[in-house]
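If you want the building blocks of each chain, they are given just below.
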Amino acid sequence: MISKTAIGHLVDKLSAANVASEKEDLLVLGYDSTPGVHHLPEVAVYPTTTAGVLDAMEIAQHEGLPIVPRGSGTGLSGGSVPVKGGMVLCLNRMNRILEIDEENLTATAEAGVVTLDLFNATAAKGLFYPPDPGSQKISTLGGNVMEDAGGLRGLKYGVTRDYVMALKCVLPDGSILTTGGKSVKDVAGYAFKDLLVGSEGTLGIITEVTVKLIPPPQDKRTFLAYFNDIRTAGEAVSKIIAAKIIPSTMEIMDKATINCVEDYVKIGLPRQMAALLLIEVDGHPAMVEEESQGVKKILEQVKAAEVHVAKSVEEANSLAAARRTALSALARVSPTTLLEDATVPRSRLAETFAEIERLTAKYGLKVGTFGHAGDGNLHPTVLCDERDSDEMHRAHAFYDDLYDQVLAWGGTVSGEHGIGLAKKEYLARQIGPGGVKVMKRIKDAFDPKGLLNPGKIFADDDPCTQAHVEEGFRVSH
Amino acid sequence: MSPTEKLGNFTAHDAPDYCDVLQCMRCGFCLPTCPTFALTGRERSSPRGRVALARAVAEQKLEFTEAVKEEAFFCLDCRACTTACPSGVRAGEVMEICRSQAHQFFPLKHVGKSFREFVLQKMLPSPDLLEHSMLPARLYQKLGIQWLLRHSHLLKLGPEWVDKAEGMMPELHPPLRPQLADSIPAVGEQRGRVGFFLGCIMTLMYAEVSRQTVRVLTQQGFEVLTPKAQKCCGAPHLTEGDRDTARRIAQHNLDLFMALDVDAIVTDCAGCGAALKEYEELLEETGSHDKLAAFRGKVKDVSEFLAEQGLRTEGLKPVNKIVTYHEPCHLCHAQGVSKQPRDLIKAIPGIDYRELNEASWCCGSAATFSLKYTDESQQILDRKLQNVQSTGAELLVTANPGCHLQLAWGLKRAGLSQKVVHITELLGMAID
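For the protein sequence lines, the chains are P and Y, in the order given.
Count the first sequence with this note's numbering and you get residues 672 to 1148, in order.
Count the second sequence with this note's numbering and you get residues 66 to 497, in order.
Bear in mind the hints are in silico, worked out from the structure with no lab data behind them.
Any given hint could be a false lead.
Pairs of lysine-lysine, DSS-like flavour, derived with a Cα cap of 25 Å [as the list claims (entries may be wrong)]: (1) 134(Y) with 694(P); (2) 968(P) with 891(P); (3) 982(P) with 484(Y); (4) 982(P) with 404(Y).
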């Protein structure tokens, strides 16, 4: 338990308004968007400067308190859940965009800046920051970097990692490290920046991020294709890629997802269809025209039930916005939505849909599937009730089987959500004991006391940090 | 949840439904829409955090503490989070229920309790008492006492909310309810018959606005029936956590209006409309389901009703004004009526309509919030006024008396020239 003195020190350094220790504050900082994982921290701090982060970390180190960074708590693998208690370091008050450099095409922002705010600020200057995770309206840049967030445009434009040019972070030894810069090329020594991206707050606390910006596409066209069979939709995606067309977006929703999303957005999505693909091609107008023709031809070849073209920018935007609500909309159906992040080589998409259907029937579950089909990144989501332990057991068995198959196909257990608490066992399965050992050695080199976001990524032996099944429901102590 | 079953650390009476709190999957889509979270950046002052607190009480991880009470009342109940929530969580309603719990856990002390009970249980449910209570205020304006007090700065000596409440008071006219005939015939070809629900604040403070509403309705071809026995809609009771009195007057209004042979029950107060539309849930355990559903189907905000019926535009005279529109939370978020008022405004010839940035962001009025949390309310209002100013509009249209009071007061205080009008006043300008 944190001492009164330590709280006093924190208040001295950060001011009372930026330190919270009431139970009501702490209770609501013990979760993120991952179902079922929750743990009470001992104190929460809201530093407003890098120096404040350093102060907070020094006090935590001195007290032996675990330190868990938190942006907006929209993570989907439990990365910001303080499973070992300690200090939650909220970065959402460090939310200034520091610079948009129009000569070097970069933007520098504090870690707590909301992703969409950065997008809008750069768009106002005629520039484009492509990574757009589903939660972009509220997710923070720091959180995006820590989890290496993807998004709807990943297929053509890549993920957060592809845009990070420099990071400022506070390391557990009390040093402030700046890695990378505005130079387009940089091979000076180990690529710390690349190690820190996707490190889920286990190596250092990021306080500032410099990202690369690009010129926005001049034109885009949005298609909506309906299918009577979800496997045909998978086939369409594989064929479009094989035809050397890289759309900016190729999103899939199955029937359950279509219906839940339509219940919320009410824009006339086809409730009776087995699946729909939202496809967007962008770039130079001539290229958009050529790729549109190619996409249309393939959709006809595979016999899509219907193909529509968005008539206006507003319509295209409303379709993308609708897709972003998929996960939350699925939560209308059931109290608990267990979602996974399986990603397969794109040639395996049709088979993956078949496997999801087979396992859904085998375990007698209700599953809604959506995701970034063009990336091979699917989010099969079990719609269940955490109070039904038998159903929860079946749901976990479903994912166990699915991940075995995904790994056998050369896929990965996480395309964009990270490992956090929820997928430690699956990661061990993917990279093997040797892989886990190397990762742990890297972690030790940065954080020898093991205070930074403990219990994440690796399935260590401490039962207190093991996500495990209790009453059929994955919980943490 | 049945009234006798106890949920966790809540009392058995008027507790949240466990399913309603479990529904939140904590995606955080509500966070950027919540004015109190924007002010504090504190999770517990966000919809997701508030629902999590309610869930913690339900799961016995937390007692119903002072802080839970504080968050229940700090919530504006603006329902922006309901609009933003893809999962269908209604955090505002969960907080309304928590307010009722708060009064059970922390009953007021003697004087405060008697006053609250008098206002909610005696005065508001009685139109006569309510109308008489305004007489001193009218005299106060008419006899020049207002002028005297304002110029003497005596008001500044009291608590801040007294000064603000006094400053917000519009020019008062005699209450409208006793003046309106039970039935007012349609003008021209009759298109239907409506029951008019006249809200307390409308009849007492905006009598001339509601007079325009009735005029617009009749001019548009609707016979207007205004039953004099109608009572407060119950919204103040729901926001203050007195659900028992709310149910009692809801039943009275339901029976009264369902006995009328009308096509629709129309109101020009967004707060009343939202409350009337919630009778179905409020009375679900005691009322007849069919009757409640039929009532729910008939209740319409005046914009919703006119847009649905189609505005008769022949003979409308041009209103050559630059106009913008502030969406009352209880119209756009609680009732989902957002496009209709804009369509009506744009249908008036001569209008230069400018869209307001963050039009559906709360103005900070929120029932008694503006008096209880004067600083926070002011910050929310400032954000709104800045947006209003940048439209360059001459008229700021809205559709709810709470917003009307707050915006008019804010504009006056900031020395801005925009005039606030109710949408039926604007329509009234176009009708000779």
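Now the hints, each set against the structure:
no. : hint               : verdict
1   : 134(Y) with 694(P) : holds (14 Å)
2   : 968(P) with 891(P) : holds (18 Å)
3   : 982(P) with 484(Y) : violated (39 Å)
4   : 982(P) with 404(Y) : holds (21 Å)
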